[in-house]
Amino acid sequence: MNKQKLSAYLQRFSIFIVLIVMFLVCSLLSPYFLTPNNLMNVARQLCVGILLAYAEMILIVSGFLDLSIGSVLALAGVLSVSCFKSTHSMLLALLVAFAVGVVCNLINATFVAQFNVPAFIATLGMQQVARGVALYYTGGANILQLGKFVKLGQGMLGPIPIPVLIVLVITVIVWYLFNHTRYGRSLYAIGGNRKAAEASGINAKKSIYISYIICGLLAGLAGAIFMARNNSGIPNGAVGYEMTGLTAAIVGGTSFSGGVGTVMGTVAGAFIIGFLENIMNLIGVNSYIQSIIEGAIIVFAVAFDIRSKNRKTTKQIMAVKDEDAKKG
Amino acid sequence: MEDIKLRVEGIEKSFPGVKALSNISFAVRKGTVHALCGENGAGKSTLMKVLTGLYKADAGQIYIDEKPVEIKNPIQAREYGISMIAQELNYVSELSVEENLFMGRLPVNRFGKVDWKKVRQEAVKFLKEEHLSYAPDQKLKTLTVSDIQMLEIIKAITNNAQIVLMDEPTSSISQKEVELLFEKIAELKAKGVSIVYISHKMDEVFRIADDITVIRDGEVVSSDRAENLDIDTVIARMVGRKMENVYPKEEMPIGEKVFEVKDFHQKGIFDNINFYARKGEIVGFAGLVGAGRTEVMRAVFGLDPKEGGTVLIDGQEVAIRSPEDAISRKLIMLSEDRKEYGIVPVRSVTENASLASLKNYFFKGFCHRQKEKEEVREIFQKMDVKTPTLDTLISSLSGGNAQKVLLARWMLCEPEIMILDEPTRGIDVGAKFEIYKLMTDIVRDGRTIVMVSSELPELIGMCDRIYVMCQGLITGCLERKDFSQERIMMLATGLLNSEQKGA
Numbered sequence: 067m068n069k070q071k072l073s074a075y076l077q078r079f080s081i082f083i084v085l086i087v088m089f090l091v092c093s094l095l096s097p098y099f100l101t102p103n104n105l106m107n108v109a110r111q112l113c114v115g116i117l118l119a120y121a122e123m124i125l126i127v128s129g130f131l132d133l134s135i136g137s138v139l140a141l142a143g144v145l146s147v148s149c150f151k152s153t154h155s156m157l158l159a160l161l162v163a164f165a166v167g168v169v170c171n172l173i174n175a176t177f178v179a180q181f182n183v184p185a186f187i188a189t190l191g192m193q194q195v196a197r198g199v200a201l202y203y204t205g206g207a208n209i210l211q212l213g214k215f216v217k218l219g220q221g222m223l224g225p226i227p228i229p230v231l232i233v234l235v236i237t238v239i240v241w242y243l244f245n246h247t248r249y250g251r252s253l254y255a256i257g258g259n260r261k262a263a264e265a266s267g268i269n270a271k272k273s274i275y276i277s278y279i280i281c282g283l284l285a286g287l288a289g290a291i292f293m294a295r296n297n298s299g300i301p302n303g304a305v306g307y308e309m310t311g312l313t314a315a316i317v318g319g320t321s322f323s324g325g326v327g328t329v330m331g332t333v334a335g336a337f338i339i340g341f342l343e344n345i346m347n348l349i350g351v352n353s354y355i356q357s358i359i360e361g362a363i364i365v366f367a368v369a370f371d372i373r374s375k376n377r378k379t380t381k382q383i384m385a386v387k388d389e390d391a392k393k394g
Numbered sequence: 006m007e008d009i010k011l012r013v014e015g016i017e018k019s020f021p022g023v024k025a026l027s028n029i030s031f032a033v034r035k036g037t038v039h040a041l042c043g044e045n046g047a048g049k050s051t052l053m054k055v056l057t058g059l060y061k062a063d064a065g066q067i068y069i070d071e072k073p074v075e076i077k078n079p080i081q082a083r084e085y086g087i088s089m090i091a092q093e094l095n096y097v098s099e100l101s102v103e104e105n106l107f108m109g110r111l112p113v114n115r116f117g118k119v120d121w122k123k124v125r126q127e128a129v130k131f132l133k134e135e136h137l138s139y140a141p142d143q144k145l146k147t148l149t150v151s152d153i154q155m156l157e158i159i160k161a162i163t164n165n166a167q168i169v170l171m172d173e174p175t176s177s178i179s180q181k182e183v184e185l186l187f188e189k190i191a192e193l194k195a196k197g198v199s200i201v202y203i204s205h206k207m208d209e210v211f212r213i214a215d216d217i218t219v220i221r222d223g224e225v226v227s228s229d230r231a232e233n234l235d236i237d238t239v240i241a242r243m244v245g246r247k248m249e250n251v252y253p254k255e256e257m258p259i260g261e262k263v264f265e266v267k268d269f270h271q272k273g274i275f276d277n278i279n280f281y282a283r284k285g286e287i288v289g290f291a292g293l294v295g296a297g298r299t300e301v302m303r304a305v306f307g308l309d310p311k312e313g314g315t316v317l318i319d320g321q322e323v324a325i326r327s328p329e330d331a332i333s334r335k336l337i338m339l340s341e342d343r344k345e346y347g348i349v350p351v352r353s354v355t356e357n358a359s360l361a362s363l364k365n366y367f368f369k370g371f372c373h374r375q376k377e378k379e380e381v382r383e384i385f386q387k388m389d390v391k392t393p394t395l396d397t398l399i400s401s402l403s404g405g406n407a408q409k410v411l412l413a414r415w416m417l418c419e420p421e422i423m424i425l426d427e428p429t430r431g432i433d434v435g436a437k438f439e440i441y442k443l444m445t446d447i448v449r450d451g452r453t454i455v456m457v458s459s460e461l462p463e464l465i466g467m468c469d470r471i472y473v474m475c476q477g478l479i480t481g482c483l484e485r486k487d488f489s490q491e492r493i494m495m496l497a498t499g500l501l502n503s504e505q506k507g508a
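Note that the protein sequences, when read in sequence, are chains W and F. Here our numbering is used: the first residue of the first sequence is 67, the next is one more, and so on. Here our numbering is used: the first residue of the second sequence is 6, the next is one more, and so on.
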């Protein structure tokens, strides 16, 4: 029985164990890995990806996804940057970024919720449209000389980079949404069985709209940070970032079939990928090879996750927590 | 006549932590129907899976025609002439009737190309022989569930089977088709085919079974000729105690009218629907499958659209456009389809139970998890829900317990009017009895129940009044003193419709 309990624990926290093991292996592989400088670097690099991972996780948990997030990020970013250049107001620039993200995703949500277009198709269309608008608006050229705007991506508040701080705040907000709001709970129900959720009085359409709006806000914020980090407004930037977000969420245990996923798991997923990329850079793995390794690891990670969840003991995973609660 | 077709000796099967089957032995005679009775979770389905090679037994031996055999997989089982009609239907709704019929055994020509001509020929011939009225190229999704079930049954038994295993074959077909099935079974018996029949419906079992084996907690309790048994004995053996009364009905004083539905209509589905229910009353809805009972209730609850009609609660007209509206008016509906409209399989029993009353646990900006757990624990205790822990996934519970969790979900909303659509479908006798008891408790508290059911004995046993529907219309309403299976069936088949018009 004890052995069973242990294995249930291992499965429940498998993703964090993977993260810790990875951390240890990385620190053995390269002496530079554990330096504060390097770790801070990893955190800073992960900022945009984690924001997108939250957005995707919110959607995947409720049974949807957003393929347009990379393009919407770019569009929101360039518009935000150009707003800043003409007004020199950080606040206005951020508002523009948020607005662009929200408008794009309201369109996504309308098609998904109102016309029942599969999210894959609706957001695939938006991916093209938003990218097109971004390129058309800038004439395909990067917007340079951002002035103080770069602080958003490169500035420091004491010892902590500003983007890292922002992500910390957002993490708390998303965690709160999932654990302390009715909206968060309904996401799990909608993703797990939308018909049952609706028959229990949950307004699924409303939740879908809210999810896409949150997703838009995150895309806008990520866009501003991305441009600031890169010193310029790049209409062609962040191509394929929707996959980065999806990957982190999925590696972090979010179930593609909906209804399952946690914020902390997603953070772990993002860091696993972040550490992996970092260590391969540190030990000088050829960048083409890096891509091969990354792809393989993602598939193996998910296969492992699915396999462990299909095991008999898994049904007791949740039970483990409860038993302890009773003792405590 | 004493030829033994299938003999099972000392079958054992364990899963980690559970002994599902221990020392199961029984014998099925050639050309007879052998019924297996037992509560959900007694091990019947596991036994079926052993017999069809889906599971490997830990110990024991299976004999066919008294020769020991080893069944390693479903294909081998088919070779031994064992055919299975599963409880959960396996079909591809996007494929046609003929494709589903020949799935896994499509005839191919020399070059490996499917011989569609032959498929069509055989399918047409087959459908004609079996008096089925659909076209071979019709997509399966255009058929009703009972049509599909019938097709599935006929597919299995025409497979040249020597032994047919039927797991709850009548759970989703109408009375008429049940008769058809029983004719088929008689035909098969005459041909010397043996049938292992699993059902919770005792009247069916006693109609067709020659032998009855009762299984409880993975062990054989008894194995007897049917003529030496009666329903009460079998039920008592199944649950391990003698049940005094199958329907714990208490006649209670009935209050004023609290719920009324007026002039509901939706073109082509139901029309002219008027009914009411009083405080403390259990109102039944009888009818054949497809009579429109579920559709009416879904429209009342705001799940489906309606063209017109009003709902009155406590004499006041209320607008119900969605389940949300209904729930806020203390009107709830337990759906007939537990899997599709009930459980959220990947979430815990607690989350499933609290789903419809989230606002009781999420307030002042936080989730009050402790309160949620306590209230769920309390209601589970009251309803005797058997779950290992409050964090267990609902999908790992048995049907009866899952149903109780769903009932708990609605009880947590503190409803005044409860529509229960097939509340006991697919659950075992013991759990059924507990649901009936809960219903009695509910009306004793002065609430109102509208129960839709396809099982007449249950309606007659539990209701104060029964409305009968036929083809989208209410064809009659009977008071408790006038209840009889015959009268209800007459109304349900439309034979008494004219009388209603005259009155």
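Hints may contain errors.
As the list claims (entries may be wrong) - Simulated crosslink set (BS3-like; lysine-lysine; CA at most 25 Å straight-line):
{"hint": "1", "chain 1": "F", "residue 1": "Lys160", "chain 2": "W", "residue 2": "Lys261"}
{"hint": "2", "chain 1": "F", "residue 1": "Lys369", "chain 2": "F", "residue 2": "Lys387"}
{"hint": "3", "chain 1": "F", "residue 1": "Lys335", "chain 2": "W", "residue 2": "Lys271"}
{"hint": "4", "chain 1": "W", "residue 1": "Lys272", "chain 2": "F", "residue 2": "Lys364"}
{"hint": "5", "chain 1": "W", "residue 1": "Lys261", "chain 2": "F", "residue 2": "Lys189"}
{"hint": "6", "chain 1": "F", "residue 1": "Lys77", "chain 2": "F", "residue 2": "Lys133"}
Said to hold, decoys possible - Chain W regions said to be covered by chain F (calculated; three or more residues, Cβ under 8 Å):
{"hint": "7", "region": "241 to 253"}
{"hint": "8", "region": "261 to 271"}
What the hints assert, rightly or not - With the C-beta cut set under 10 Å, the calculated list includes, among others, these residues of chain W facing chain F:
{"hint": "9", "residue": "Gly325"}
{"hint": "10", "residue": "Val326"}
{"hint": "11", "residue": "Thr328"}
{"hint": "12", "residue": "Met330"}
{"hint": "13", "residue": "Asn347"}
Keep in mind the hints are simulated off the structure, nothing from the lab. Keep in mind that this is a model prediction, so the values were computed, not measured. Where a beta carbon is used, it is the ideal one built from N, C-alpha and C, also for glycine.
Taking the hints in turn, this is what the structure says about them:
no.	hint	verdict
1	Lys160/F - Lys261/W	31 Å, violated
2	Lys369/F - Lys387/F	28 Å, violated
3	Lys335/F - Lys271/W	22 Å, holds
4	Lys272/W - Lys364/F	16 Å, holds
5	Lys261/W - Lys189/F	37 Å, violated
6	Lys77/F - Lys133/F	35 Å, violated
7	241 to 253	holds (count 6)
8	261 to 271	holds (count 9)
9	Gly325	4 Å, holds
10	Val326	5 Å, holds
11	Thr328	13 Å, violated
12	Met330	16 Å, violated
13	Asn347	37 Å, violated
Checked against the numbered hints above, the structure breaks hints 1, 2, 5, 6, 11, 12 and 13 and satisfies the rest.
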